[in-house]
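Engineer: Going down the list, the sequences are from chains A and B.
Just so we're aligned: 58 in my numbering is position 58 of the first sequence, and the numbers increase by one with no gaps anywhere.
Just so we're aligned: 81 in my numbering is position 81 of the second sequence, and the numbers increase by one with no gaps anywhere.
These are computed hints drawn from the structure, not numbers from a lab.
This one's a predicted model, so the numbers in the text were calculated from it and none came from an experiment.
Idealized CB from N, CA, C, for every residue including glycine.
There may be inaccurate statements among the hints.
Stated by the list, open to error - Below, computed lysine-lysine pairings styled on PhoX-like, alpha-carbon distance capped at 20 Å: (1) A:Lys44 / A:Lys57; (2) B:Lys68 / B:Lys53; (3) A:Lys57 / B:Lys96; (4) B:Lys55 / B:Lys96; (5) B:Lys68 / B:Lys54; (6) A:Lys44 / B:Lys96.
Unchecked claim - Incomplete in silico selection of chain A near chain B, CB under 8 Å: (7) Met41; (8) Gly42; (9) Gly58; (10) Pro61; (11) Tyr64; (12) Val88; (13) Tyr103; (14) Ser107; (15) Gly108.
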Amino acid sequence: NAGVTQTPKFRILKIGQSMTLQCAQDMNHNYMYWYRQDPGMGLKLIYYSVGAGITDKGEVPNGYNVSRSTTEDFPLRLELAAPSQTSVYFCASSYSGTGNYGYTFGSGTRLTVV
Amino acid sequence: KNEVEQSPQNLTAQEGEFITINCSYSVGISALHWLQQHPGGGIVSLFMLSSGKKKHGRLIATINIQEKHSSLHITASHPRDSAVYICAVRWSSGDKLTFGTGTRLAVRP
Chain A
1 NAGVTQTPKF
11 RILKIGQSMT
21 LQCAQDMNHN
31 YMYWYRQDPG
41 MGLKLIYYSV
51 GAGITDKGEV
61 PNGYNVSRST
71 TEDFPLRLEL
81 AAPSQTSVYF
91 CASSYSGTGN
101 YGYTFGSGTR
111 LTVV
Chain B
1 KNEVEQSPQN
11 LTAQEGEFIT
21 INCSYSVGIS
31 ALHWLQQHPG
41 GGIVSLFMLS
51 SGKKKHGRLI
61 ATINIQEKHS
71 SLHITASHPR
81 DSAVYICAVR
91 WSSGDKLTFG
101 TGTRLAVRP
């Protein structure tokens with residue numbers, strides 16, 4: 001049982017490049033989330049999904065896109081990378097939106113945009 | 001504004017000490033979560049509380065709804081407890097989590 005798997009773990013992008021951060025979970029969780037963690041700040045929600053085919057914006061969605069074609073996968077797309085997107089990105093999943101059964105986090109992707 | 005504040009920001013302890021980390025929030029919540037972030041970056045859920053107290057091994061989490069305050073206690077601390085401890089709340093008015101900035105704990109042998 002792998003939990004939440006994120007790839008890649010590290011990436012350096014040049015300004016204007018694009019990339020996709022992959023996230024997959026094998027727990028049949030309905031809810032999936034993308035967060036970013038900046039130094040000295042709490043995690044901020046970028047996008048979330050309540051099920052396959054349904055996505056919605058979080059607190060800081062600008063510059064990102066997501067899709068949820070299957071229950072298992074929730075990729076995060078950066079179309080035109082900017083230095084402000086340098087951060088650590090975490091994908092998470094939960095059985096329900098209340099989090100009553102807890103949240104499972106991926107190991108994170110450290111992204112640097114230069 | 002809905003806010004979550006943690007204290008202290010940094011904490012250094014000697015092995016064996018009893019540790020308390022605090023979390024305060026501004027308005028009503030439906031649940032509070034304590035998370036642990038290891039030095040390698042991974043985040044693990046420790047507790048979810050809506051009232052009272054929960055215990056798991058050497059970790060104890062309490063919440064006082066009236067005072068809008070939660071504490072995470074670690075008994076008989078060990079160097080492997082060194083991590084960042086994060087408080088997150090789910091507001092009564094919404095369905096998203098708001099995270100505190102974390103408490104960085106270092107336990108020295």
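Engineer: Does each hint hold? Answer for all of them.
Structural biologist: Results of checking the hints against the structure:
no., hint, in the structure
1, A:Lys44 / A:Lys57, "holds, 11 Å"
2, B:Lys68 / B:Lys53, "holds, 14 Å"
3, A:Lys57 / B:Lys96, "holds, 11 Å"
4, B:Lys55 / B:Lys96, "violated, 25 Å"
5, B:Lys68 / B:Lys54, "holds, 17 Å"
6, A:Lys44 / B:Lys96, "holds, 10 Å"
7, Met41, "holds, 6 Å"
8, Gly42, "holds, 3 Å"
9, Gly58, "holds, 7 Å"
10, Pro61, "violated, 13 Å"
11, Tyr64, "violated, 16 Å"
12, Val88, "holds, 7 Å"
13, Tyr103, "holds, 5 Å"
14, Ser107, "holds, 5 Å"
15, Gly108, "holds, 5 Å"
Comparing the model with each earlier hint shows violations of hints 4, 10 and 11; every other hint is respected.
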